[in-house]
Amino acid sequence: MSRNKHAKKDIEEALQYAEAKGWRIENSKGHPFGQMYCPYKDSAESCEGNGKWCRVGIWSTPSNTGNHARNIKKVVDRCIKKQEESNNE
Amino acid sequence: MNEYEFELTFKLPHGENPEQYFEALEKSCSDAMVGTGHAGYMAFDFSRESTSAYDAIVSAVKDVKKAIPKASLVEATPDFVGLTDVAELLGFTRQNMRKLMLQSGASFPSPVHEGKPSIWHLSNILIWLKENKNYKIEETLIDVANTNKKFNLMKELNQVNDGVQDSIRELIAS
Chain A
1 MSRNKHAKKD
11 IEEALQYAEA
21 KGWRIENSKG
31 HPFGQMYCPY
41 KDSAESCEGN
51 GKWCRVGIWS
61 TPSNTGNHAR
71 NIKKVVDRCI
81 KKQEESNNE
Chain B
1 MNEYEFELTF
11 KLPHGENPEQ
21 YFEALEKSCS
31 DAMVGTGHAG
41 YMAFDFSRES
51 TSAYDAIVSA
61 VKDVKKAIPK
71 ASLVEATPDF
81 VGLTDVAELL
91 GFTRQNMRKL
101 MLQSGASFPS
111 PVHEGKPSIW
121 HLSNILIWLK
131 ENKNYKIEET
141 LIDVANTNKK
151 FNLMKELNQV
161 NDGVQDSIRE
171 LIAS
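Chains A and B are the protein sequences, given in the same order.
If you're matching positions, the first sequence starts at 1 in my numbering and goes up one per residue.
If you're matching positions, the second sequence starts at 1 in my numbering and goes up one per residue.
You may find that some hints are simply not true.
No more than 25 Å apart at the CA atoms, straight line, and that leaves these computed lysine-lysine pairs for DSS-like [stated by the list, open to error]:
no. : chain 1 : residue 1 : chain 2 : residue 2
1   : B       : Lys11     : A       : Lys74
2   : B       : Lys150    : B       : Lys65
3   : A       : Lys21     : A       : Lys73
4   : B       : Lys99     : B       : Lys130
5   : B       : Lys27     : A       : Lys9
6   : A       : Lys73     : A       : Lys29
7   : B       : Lys62     : B       : Lys27
8   : B       : Lys11     : A       : Lys29
9   : B       : Lys70     : A       : Lys29
10  : B       : Lys27     : A       : Lys5
11  : B       : Lys27     : A       : Lys73
12  : A       : Lys29     : A       : Lys5
13  : A       : Lys5      : A       : Lys74
14  : A       : Lys29     : B       : Lys27
15  : A       : Lys73     : A       : Lys5
16  : B       : Lys136    : B       : Lys116
17  : B       : Lys11     : B       : Lys155
18  : A       : Lys29     : B       : Lys65
19  : B       : Lys99     : B       : Lys11
20  : B       : Lys99     : A       : Lys74
21  : B       : Lys99     : A       : Lys29
22  : B       : Lys70     : B       : Lys11
23  : A       : Lys73     : A       : Lys8
24  : A       : Lys21     : A       : Lys9
25  : A       : Lys8      : B       : Lys27
26  : B       : Lys133    : B       : Lys99
27  : B       : Lys116    : B       : Lys99
Honestly, the hints are just simulated from the structure, not real lab data.
Computed from a predicted structure; not experimentally measured.
Required output: the full structure, derived from the provided sequences and hints.
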C-alpha cells in the first residue's frame, strides 16, 4: 500500500472497505487527500450517469466526517450493485 | 436547520482536468462528494445544512462556481425520474408504483416524456402521493425535488429566446 493513511478514523475505515472491493486510492498534491478509482474501468458506459461515480475525490477535512465516510461506502456499494445486476443478465 | 441531500452535475470547460480544482473545492464544498469519472463533467453529492432547500441549492451552486468559475450547471437531481426511481426512493416495489399510476388514470401527474421509460418530475409525483393518497413523504425531499425542478426548467427555458415564447405559452396553457 503506497498511499498515506487518512487521519480521520471513520474515513480510513471506509477507504479500506473500498480497497477490499478492489478500488484504487491515490493521494493528490496539496490539502485534499486524493482520489478513489473504480476497479471496473471499461464498464463506465453501463454505470449510472456515464460513470461519474467511477472516480471520486476524497477530502482531508470534510465538513462532516461521518457523512464523507458513509458516502465513500455508498459509492462502492452502488457500483457493486450495478456489477451484480449486469452479471445476472 | 435541516440537512438537504441533492446532487448537482456541472460541465467543465473543454479539456480541463478536474483535479486542479480540488484544492478550491475542499474549501467551499467539503460537504459534498465529488465524482469525476465522466470526462468533462463533475458531479457533487451534497448533504448541506440549511433552512430551506432553495438556500441549500443556491449556495451550493454558488460555492461550486466560486471554485470553478466556468463550470455550467447540467442538472440538479433528484428531479427527472422514472417510476423505478420513485419506487426506489420511497421503498415501494416497482410493480406497486406502476399499479398506483395505472389505477389513477388521468389524475396521476402527467409525465414530461412519454416513452420507455416515461419520465416525470419527482416533485409532481411526491405531492400527488401526499395529497391524494395520504402517503407520508419527507418534507425535505419534496422541498429538494421542487427546487431542483425550478433549476432544471429555468436552465432549459434559457434555450427559448427567439421571440416565440408568448405564442407557445398560449398554445400549451391548461
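Cross-check of the supplied hints:
1. For the suggested pair B:Lys11 and A:Lys74, the alpha carbons sit about 23 Å apart, so the restraint of at most 25 Å is met.
2. About 19 Å separates the Cα atoms of B:Lys150 and B:Lys65, which keeps this hinted pair within 25 Å; it holds.
3. Between A:Lys21 and A:Lys73 the CA atoms are separated by roughly 10 Å; this keeps the pair inside 25 Å, and the hint holds.
4. Between the alpha carbons of B:Lys99 and B:Lys130 the distance comes to roughly 17 Å, so the proposed pair stays at or under 25 Å and holds.
5. Distance hint between B:Lys27 and A:Lys9 is fulfilled; the C-alpha atoms sit about 21 Å from each other, no more than 25 Å.
6. Restraint check for A:Lys73 and A:Lys29: the C-alpha separation of about 23 Å stays at or below 25 Å, so the hint holds.
7. This hinted pair checks out: B:Lys62 and B:Lys27 have alpha carbons roughly 13 Å apart, not beyond 25 Å.
8. Proximity of B:Lys11 to A:Lys29 is assessed by CA-CA distance (about 23 Å); at most 25 Å being required, the pair is judged to hold.
9. Taking the CA atoms of B:Lys70 and A:Lys29, the gap is about 23 Å. The hint holds against a cut of 25 Å.
10. For the hint pairing B:Lys27 with A:Lys5, the CA-to-CA distance comes to about 21 Å; that is within 25 Å, so the pair holds.
11. Only pairs whose Cα atoms come within 25 Å are accepted, and B:Lys27 paired with A:Lys73 is accepted, the gap being roughly 23 Å.
12. Between A:Lys29 and A:Lys5 the CA atoms are separated by roughly 15 Å; this keeps the pair inside 25 Å, and the hint holds.
13. For the proposed pair A:Lys5 and A:Lys74, the alpha carbon gap of about 20 Å is at most 25 Å, so the pair holds.
14. At most 25 Å may separate the alpha-carbon atoms for a hinted pair to count; A:Lys29 and B:Lys27 meet this at roughly 15 Å.
15. Between the alpha carbons of A:Lys73 and A:Lys5 the distance comes to roughly 17 Å, so the proposed pair stays at or under 25 Å and holds.
16. In summary, the hint linking B:Lys136 to B:Lys116 is not supported, as the alpha carbons are separated by about 28 Å, beyond the 25 Å threshold.
17. Distance hint between B:Lys11 and B:Lys155 is fulfilled; the C-alpha atoms sit about 13 Å from each other, no more than 25 Å.
18. Using a Cα cut-off of 25 Å, the hinted pair A:Lys29 and B:Lys65 holds, with the two alpha carbons roughly 22 Å apart.
19. Taking the CA atoms of B:Lys99 and B:Lys11, the gap is about 37 Å. The hint is violated against a cut of 25 Å.
20. Taken as a hint, the B:Lys99 and A:Lys74 pair is broken in the structure, with Cα atoms around 30 Å apart against an allowance of 25 Å.
21. With a C-alpha separation of about 53 Å, the suggested pairing of B:Lys99 with A:Lys29 is violated against the 25 Å cut-off.
22. Of the supplied pair hints, the one linking B:Lys70 and B:Lys11 holds, its CA atoms being roughly 9 Å apart against a limit of 25 Å.
23. For the given pair, A:Lys73 sits about 15 Å from A:Lys8 by alpha-carbon distance, which is consistent with the 25 Å threshold.
24. Between the alpha carbons of A:Lys21 and A:Lys9 the distance comes to roughly 19 Å, so the proposed pair stays at or under 25 Å and holds.
25. Under the criterion of a C-alpha separation no larger than 25 Å, the hint pairing A:Lys8 with B:Lys27 is consistent with the structure, at around 17 Å.
26. A threshold of 25 Å between alpha carbons decides the hint, and for B:Lys133 with B:Lys99 the separation of about 13 Å falls inside it, so the pair holds.
27. The hinted pair formed by B:Lys116 and B:Lys99 meets the criterion: a straight-line CA distance of about 16 Å does not exceed 25 Å.
The structure shown violates the earlier hints numbered 16, 19, 20, 21.
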